[in-house]
Each structure stands twice: as structure tokens, then as C-alpha cells.
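**Student:** Sequence:
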Amino acid sequence: MSTSRTKHAVALTLAILGLVVGGLALPGRGEPAVEDLSQGHGIGFGLGLTAPFTPPNTFPASGLSGRLWVANLFGIEASLFVVDQAPSLSMRGFLKYVNTSVADLYLGTGAAVFGSGGTLVVPLQAVSGLEIRLTPHIALAAEVGLLFRGVSEVTAGLAIHFYL
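For any residue, its number in our numbering is found by taking its place in the sequence shown, counting from 1, and adding 10.
Worth flagging that the hints you see were computed from the coordinates, not collected in a lab. There could be a bad hint or two in this list.
[Said to hold, decoys possible] Restraint ranges, calculated between C-beta atoms of paired labels, are given here:
| no. | residue 1 | residue 2 | range |
| --- | --- | --- | --- |
| 1 | I148 | A88 | 34 to 42 Å |
| 2 | V161 | S111 | 14 to 22 Å |
| 3 | F84 | F55 | 15 to 23 Å |
| 4 | T129 | I53 | 28 to 36 Å |
Just so it is clear, CB atoms sit at the ideal spot from N, CA and C, and this is done for glycine as well.
Can you make the complete structure from the sequences, with help from the hints?
**Tutor:** Next comes the structure, spelled out in C-alpha cells:
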């Protein structure tokens, strides 16, 4: 075979190989699309359980929470809970850094306000979380973070949210 024919044969082989690989990367027309269960799920209400349980090193604490995801990327949460028999509040913000059809990973930060032992306590928190959607309207969340109140302490939490 001449050098010119060899070059053309190699170029043709590479072109065919590129078309085959490119065709494999395209989604098939007969395959159903995977539904993103977190897309546009709006506001959610839920219950959370966090550790540590005893004040003043508790954040955000066990109680009721409302969570809203904006543009399926940014989230805000407000939680109401009881510390030392007094109502308390926490506010947090989140940013998703992995968004899949069933589970999302996010980072967050926030502050809580409550009274403990006659003093006002305002701890800060940094958290990483995983939200797993069981249905388009029900999600489980698990978080691990750090509480900052003079010294740092590890926090953990589990929650269930019901999205409207």
C-alpha cells in the first residue's frame, strides 16, 4: 500500500472511530430520562434531631425546621427548637456542590440564638450535608459540622423534610 493510501486509511479509521465513540456518548432515544427529584421542589417542612443534645453546645438543636431551595442551588433554613425550656431559633444558608437526580451534597453555615443558664448564647456553625430524596416530596438529610462558641465542637444531625 502506498503512503498516501495508508494516510487516508488511518484518517478514515480515526473518523469512523470518532463517530462511533461520539454516538455512544449521546443518550439513546428509547431510554427514559432520569427524573431529578429535587428540581423545583420548593419549600419543605420537617423535623430534625441533632447532637450534642445538651446546652449550651447544641446547634441547631432538635426541633421543627423550614427549608427552601432557590434555583435548586442555594438553600435557606429556619429552625425552631427548645433549649432549657425556652424557645430558640437558628438560621442557616446552604450551597449545593453536587446535584444528582436522587442525592445532593451541600455546604452550609449559620447562627443560632438561645438562652442557657441565664445567658444569651449565639453559636455559629459550618456544616456539610447530604440530602437524599425518597420521593419528589420527601427527603432525608444527614449533616456533620463544626460548632463555634469560643471552642469548636463536632455536630451531627438527621432530618426528614416534606416538600410542597
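**Student:** A separate judgement is required for each hint: does it hold in the structure or not?
**Tutor:** Taking the hints in turn, this is what the structure says about them:
Taking 34 to 42 Å as the suggested C-beta distance range, the pair I148 and A88 does not conform, at roughly 20 Å. Between V161 and S111, the C-beta spacing of about 40 Å breaks the proposed range 14 to 22 Å. Between F84 and F55 the beta carbon distance is about 19 Å. The supplied range of 15 to 23 Å therefore holds. Between T129 and I53 the CB atoms are about 33 Å apart, so this pair conforms to the stated range of 28 to 36 Å.
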